[in-house]
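Put chain B on the given structure of chain A with help from the hints.
Take a look at the letters that make up each chain.
Number of protein chains: 2
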Amino acid sequence: MDSLSKYYETVEQDKQHYIDRLSEIVAIPSVSCSADHRPDVVRMGHWLKDQWEALGAETKLVNPGTQELEGKTLDLPPVVLGKYGNDPAKKTLLVYGHYDVQPALKEDGWSTDPFKLVINDKEQMVGRGSTDDKGPVLGWLCSAEAYKKAGLEYPVNLKFCFEGMEESGSEGLEEVIRDEADKWFKGTDVVCISDNYWLGKEKPCLTYGLRGVSYFYITVQGPGADLHSGVFGGTVHEPMTDLVNLMSKLVDVKGKILIPGIYDGVAPVTDEEHQAYEGLEFKHSDMEDDLKHKVIVHDEEKKTLMHRWRMPSLSLHGIEGAFYNPGAKTVIPARVIGKFSIRTVPNMDRAEVARITCKYLNEEFAKLGSKNKMTAEMAHDGPWWYSSPKHPNFVAGAKAMERVFGVQPDLTREGGSIPITISFQEALNCNVLLLPMGSADDGAHSINEKLNIRNFIEGIKVFGAYVDELSKADL
Amino acid sequence: MDSLSKYYETVEQDKQHYIDRLSEIVAIPSVSCSADHRPDVVRMGHWLKDQWEALGAETKLVNPGTQELEGKTLDLPPVVLGKYGNDPAKKTLLVYGHYDVQPALKEDGWSTDPFKLVINDKEQMVGRGSTDDKGPVLGWLCSAEAYKKAGLEYPVNLKFCFEGMEESGSEGLEEVIRDEADKWFKGTDVVCISDNYWLGKEKPCLTYGLRGVSYFYITVQGPGADLHSGVFGGTVHEPMTDLVNLMSKLVDVKGKILIPGIYDGVAPVTDEEHQAYEGLEFKHSDMEDDLKHKVIVHDEEKKTLMHRWRMPSLSLHGIEGAFYNPGAKTVIPARVIGKFSIRTVPNMDRAEVARITCKYLNEEFAKLGSKNKMTAEMAHDGPWWYSSPKHPNFVAGAKAMERVFGVQPDLTREGGSIPITISFQEALNCNVLLLPMGSADDGAHSINEKLNIRNFIEGIKVFGAYVDELSKADL
Chain A
1 MDSLSKYYET VEQDKQHYID RLSEIVAIPS VSCSADHRPD VVRMGHWLKD
51 QWEALGAETK LVNPGTQELE GKTLDLPPVV LGKYGNDPAK KTLLVYGHYD
101 VQPALKEDGW STDPFKLVIN DKEQMVGRGS TDDKGPVLGW LCSAEAYKKA
151 GLEYPVNLKF CFEGMEESGS EGLEEVIRDE ADKWFKGTDV VCISDNYWLG
201 KEKPCLTYGL RGVSYFYITV QGPGADLHSG VFGGTVHEPM TDLVNLMSKL
251 VDVKGKILIP GIYDGVAPVT DEEHQAYEGL EFKHSDMEDD LKHKVIVHDE
301 EKKTLMHRWR MPSLSLHGIE GAFYNPGAKT VIPARVIGKF SIRTVPNMDR
351 AEVARITCKY LNEEFAKLGS KNKMTAEMAH DGPWWYSSPK HPNFVAGAKA
401 MERVFGVQPD LTREGGSIPI TISFQEALNC NVLLLPMGSA DDGAHSINEK
451 LNIRNFIEGI KVFGAYVDEL SKADL
Chain B
1 MDSLSKYYET VEQDKQHYID RLSEIVAIPS VSCSADHRPD VVRMGHWLKD
51 QWEALGAETK LVNPGTQELE GKTLDLPPVV LGKYGNDPAK KTLLVYGHYD
101 VQPALKEDGW STDPFKLVIN DKEQMVGRGS TDDKGPVLGW LCSAEAYKKA
151 GLEYPVNLKF CFEGMEESGS EGLEEVIRDE ADKWFKGTDV VCISDNYWLG
201 KEKPCLTYGL RGVSYFYITV QGPGADLHSG VFGGTVHEPM TDLVNLMSKL
251 VDVKGKILIP GIYDGVAPVT DEEHQAYEGL EFKHSDMEDD LKHKVIVHDE
301 EKKTLMHRWR MPSLSLHGIE GAFYNPGAKT VIPARVIGKF SIRTVPNMDR
351 AEVARITCKY LNEEFAKLGS KNKMTAEMAH DGPWWYSSPK HPNFVAGAKA
401 MERVFGVQPD LTREGGSIPI TISFQEALNC NVLLLPMGSA DDGAHSINEK
451 LNIRNFIEGI KVFGAYVDEL SKADL
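Residue numbers (full-length UniProt numbering), protein chains in the order written: chain A, 1 to 475; chain B, 1 to 475.
If you're looking for bench data, these hints aren't it; they were derived computationally from the structure. Be a bit skeptical, because a hint or two may be false.
Just so you know, same-sequence chains aren't split out, so a pair can sit in one copy or run between any two.
Stated by the list, open to error - EDC-like mimics (lysine to aspartate or glutamate), calculated; alpha carbons at most 20 Å apart, straight line:
| id | residue 1 | residue 2 |
| --- | --- | --- |
| 1 | 249 | 364 |
| 2 | 122 | 289 |
| 3 | 256 | 364 |
| 4 | 371 | 288 |
| 5 | 283 | 179 |
| 6 | 329 | 68 |
| 7 | 15 | 441 |
| 8 | 373 | 289 |
| 9 | 371 | 252 |
| 10 | 72 | 50 |
| 11 | 303 | 281 |
Predicted, not measured: the structure shown is a model, and the values here were computed from it.
Next comes chain A alone, as it looks inside the complex (with noise of 0.2 Å):
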């Protein structure tokens, strides 16, 4: 019988409380990325640091500094860092969550109100936040709650990092986390993040790599202001046209890269990593489903994963500047600019990769032979994060899934990037361990986000075997 049987038993007597709670704070609009939401999400920080104050944890707010937005500065949402048990006999695990989400709106096509969580007939918690990052964030306290109401010991000292700006580039916690490292997280001996998700809908995972991503900018200035197309189409040189042909330059229409020399940095695919993919939970037909159409580009699910996971790829995302509303309007527009990105995968070099593709870019638009003027440049950029999956972290995290489900999970990477990843493993030199509560189609940052309830309890299970499993570990 599971040690930890009485805990599991009251996770799933307070399963409505807990759905409760999500609900409350699903009802906090806590959009980082609006003015007018900077209250709603200074709200949720605090929020958190007094529940974990009412499970006896000590906790301290850092102000990250201001910024710029709408024309206003404002105070930066804070980062509730905390600490929860403090015996040197024990294991150190920091945790790290937002508690910001993503700005939603009903117009937007969701079927409900975005900000009330609604569960509907398939037992899933719709809500914006529900999975990214709300529950997950929420699960650590309520796991720490129900180790205390079962009457058991909570088994390592948690410390918790949570900030409020996560969807807008996490502004200000790079410098928290560098000089909170030999201060509050002092001590710390590995990593846990659970903001990210499961490879499929049924199979629970752990994560031990991500690709990175370099943004890049293409500006093209042409006349000084808009112009109307009557009165000038066919006398200046355009710069949508410009774009538009450098942008049909990045990428096929299968998605291969056609800069020189991008995929020189690209590691080989072993035998080991051959063999690694086989078995995961993972079928295209799935993956049509929630695409609604058949737009997958391989005829393999190891290829489709492989460019997932371990191939760079090149994405258009749009154009600043252009016309871009319903209807018709006959603008030449007069300065515009063409947003890419390039995911990175181990072992390209990113000042490399910002090199080759803004050389490549001006070499083309010099063909070219316009007048106007072209700018590339590389916006910024996240590294790529690649960790061993052998690490007595990820065997914690293993076993502890194993308990609460019955399945081994599957060990994956994902396509995505999680920049904070990184920024631990290097300040405080500790293995990170990237734990998913949500499934594969939660739709994070889309409308109907969602949360399975089976995904939200059994997380909270997890995150309570996963403790445990860490204090009998070798770390």
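Then chain B, alone, in the frame of chain A:
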């Protein structure tokens, strides 16, 4: 001595009065594309009706129906019809203008409040609608009033048709013109429209040709919802990649259209036409001053004018559905709509243009081998227009300009379209003269739209001289 010298004197004396009146109507924000401003548009229509009635005209407001706007069903603003004079011995002139304006916000970059007419140190009246088209519309009223005040008999029967939806596609007007052709407009000999601009800044012009416009949408539908480029980049066919590829195949950097057969219908340039381009008030240096940057494609003024007036052009306007805000967003847009338009010229066939354009796009898309769905469609089009500058209506206009400015006006064509020109020509079977009041640099639709005091006051004089010439013309 000019028989109208008393009229000209009266116009000079009442100059300030005319400017004050323009101030009064610029202050009515008759923005037709906004539901909130609809009452202002209606108020502006009533202002015209009231003023003309005070002068003794018979008027009628026609409601052209309703429209759906911003989720509301709104009455369209009234078309203001008028008759001023009804002498069977006189010729009958119909003038058209519009009393609605483009939207304008101080934040767009205006130096001053767009709805407060401000006279700057260059004797320019800056304000939304000053030149497009409130100045000219008011000009007809001021001209008729000055005749009366000068004790002169108005030499023609004047009819007018002022609409409040020109900036929003002239919704409903076509039907009104057709309905009233044999009623209110019965007996019309010629039509005059003052809703375009001089070729340059000093010398007046008459306009005898306009390009048409055919507006196209390319819709590429990929997955069912926007995707995160980290998770899906490299694995799915991205609609932006397909779209940008197609858009890059429409036009080259120098404006040459790449659609096979598109130039087949273009009328060859005759010797007479070649000669007509000599001596026009047009310099690349002036155009570059206005453009602020040296982005003109052609090396000769004549080529530039030909490409503006009598050669087709293709402009890429933008993309709906992609990321367009400042900053960085790592989205894979699920459905994007590329917008472009082709300016058409004699003797291109609109249906053929639509056919070969969509055919070409379908063929190019098939070559890509994408699994996304693409639809190319012609969303709407308006025909080109061409009239003989030797028609007595044009001769009357030319003589009027010579009387007021002391120079023969340039005979010009325009790159833009004024669809209503053709509607009047066809419905009333009359010659239509485009007699512009404003100058090339007025910036209609732009920030800091202005009308020079000189253009306004001399324009009112021209309107008076034109009706005098018409009364003597052999139509």
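Hints violated by the structure (listed by number, smallest first): As far as the earlier hints go, 5, 7, 10 are violated by this structure, in ascending order.
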